[in-house]
Amino acid sequence: MTTSNDYLAQRQLKRGAAGWILLAGLGISYVISGDFAGWNFGIAQAGWGGFVIAAVLMGIMYLALVLSLAEMSAAIPAAGGGYSFARQAMGPMGGFLTGLAVLIEYSLAPAAIVIFIGSAVNELTGFDGPIVYALFYLAFVGIHIFGVGEALKVMMVISGLAVLAILATGIALVPEFNSANLFDIEPISGGDLMMPMGLYGVWAALPFAMWLFLAVEGVPLAAEEAKDPKKDVPKGIIAAMLFLLFTAVLVVVLLSGAVGAKVIGSSAVPLVDALNIAGHSQLATFVNVLGFLFTLILFAVGMLYYFMIGQHRLIAKSAEEEFALLYQAQVELEAA
Numbered sequence: 001m002t003t004s005n006d007y008l009a010q011r012q013l014k015r016g017a018a019g020w021i022l023l024a025g026l027g028i029s030y031v032i033s034g035d036f037a038g039w040n041f042g043i044a045q046a047g048w049g050g051f052v053i054a055a056v057l058m059g060i061m062y063l064a065l066v067l068s069l070a071e072m073s074a075a076i077p078a079a080g081g082g083y084s085f086a087r088q089a090m091g092p093m094g095g096f097l098t099g100l101a102v103l104i105e106y107s108l109a110p111a112a113i114v115i116f117i118g119s120a121v122n123e124l125t126g127f128d129g130p131i132v133y134a135l136f137y138l139a140f141v142g143i144h145i146f147g148v149g150e151a152l153k154v155m156m157v158i159s160g161l162a163v164l165a166i167l168a169t170g171i172a173l174v175p176e177f178n179s180a181n182l183f184d185i186e187p188i189s190g191g192d193l194m195m196p197m198g199l200y201g202v203w204a205a206l207p208f209a210m211w212l213f214l215a216v217e218g219v220p221l222a223a224e225e226a227k228d229p230k231k232d233v234p235k236g237i238i239a240a241m242l243f244l245l246f247t248a249v250l251v252v253v254l255l256s257g258a259v260g261a262k263v264i265g266s267s268a269v270p271l272v273d274a275l276n277i278a279g280h281s282q283l284a285t286f287v288n289v290l291g292f293l294f295t296l297i298l299f300a301v302g303m304l305y306y307f308m309i310g311q312h313r314l315i316a317k318s319a320e321e322e323f324a325l326l327y328q329a330q331v332e333l334e335a336a
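If you read the sequence shown in my numbering, its first letter stands for residue 1, the second for the next number, and so on.
Hints are computed from structural coordinates only; laboratory data are not their basis.
Fair warning: there could be bad hints in the mix.
Label-pair restraints from in silico Cβ distances [stated by the list, open to error]:
hint : residue 1 : residue 2 : range
1    : S281      : S68       : 42 to 50 Å
2    : P175      : L65       : 30 to 38 Å
3    : D192      : G126      : 43 to 51 Å
4    : V141      : E71       : 30 to 38 Å
5    : A101      : D128      : 29 to 37 Å
6    : K227      : D192      : 47 to 55 Å
7    : I188      : E71       : 37 to 45 Å
8    : G129      : I104      : 20 to 28 Å
9    : G19       : W203      : 34 to 42 Å
10   : G142      : P175      : 44 to 52 Å
Beta carbons are placed, not taken as given, at the ideal position from N, Cα and C, and that holds for glycine.
Turn these sequences into a full structure, and let the hints steer you where they fit.
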């Protein structure tokens, strides 16, 4: 299906105030909590070598996705994200199926995320339950109504704090690195030190490797906040992905190399545990408070906000498309 100039002309984006740096920060903020926890359980499934293979495969897939989104964002600067791109490439049915799949993700993900937020609040205050879930939903619906630009700036600051915690951890663990620690998981039948669980472990580790990159594809949803969507969105999403590749290498290599892959693979808080075992208890406290409790809670909230705004943008964009088509058909019938 060829993109018509009239079609795109009727769907020009409003100009926002966000440059590519702010959009890159937004992309990083969507993902960075995955560097703090979650990914490391893939090491328990595949061993360090097997997880690295899974992470490389996932990184290649996400890099290809990001480059494709960057190109499409420049050609079709629309806030509908994957729905808008699929509609232009494959027609209404292709757009509908893509939009439906993404909408299911955006509908189910907030439920899981808000439960995680409730668990984090429970750790701090001892209070949890449906009231907490409802309060967070209401709070971020309110922020969405008030304005996206303000939320982007807050998330940019939080991104800086999270990156600071990761970089500080990396610097502290460099002297502790020992390559032998990477391969301390005993292989099972059919495996070796590099891949203790064999090829099956690589497959099992893929969902955990996704934590290092998941949600960076949400940057095009902020197209209406960009100063120049055709330039800023591609630059922002590529810059975010490159930085996330750097932080992924940092945590995957240094944490296991400092204290052992076996320990990291079973840790609920890998950065904090690695620092404590390495003898950096004060820095561990700093990372625990700043990087884990504070940043993870707010980034989980950020993810909730991302899925909520994504759901709204997708529904609004698909409704706009279908109502426009119905209106056009009605006009043509009246003209006939």
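Status of each hint after checking the structure:
1. At roughly 45 Å, the beta carbons of S281 and S68 sit within the given window of 42 to 50 Å.
2. Between P175 and L65 the beta carbons are some 36 Å apart, a value that agrees with the proposed interval 30 to 38 Å.
3. Between D192 and G126 the Cβ separation comes to about 46 Å, which falls inside the hinted range of 43 to 51 Å.
4. Separated by about 33 Å at the C-beta atoms, V141 and E71 satisfy the suggested range of 30 to 38 Å.
5. Under the hint 29 to 37 Å, the C-beta atoms of A101 and D128, about 31 Å apart, fit the expected range.
6. Distance hint for K227 and D192: a CB-CB separation of about 52 Å, consistent with the stated range 47 to 55 Å.
7. One distance hint, 37 to 45 Å for the beta-carbon pair I188 and E71, holds here, with the actual separation near 43 Å.
8. One distance hint, 20 to 28 Å for the beta-carbon pair G129 and I104, holds here, with the actual separation near 26 Å.
9. Remark: the range hint 34 to 42 Å for G19 to W203 is upheld by a beta-carbon distance near 40 Å.
10. For the hinted restraint 44 to 52 Å between G142 and P175, the CB-CB distance of approximately 47 Å keeps it satisfied.
Hint compliance for this structure: every hint is met.
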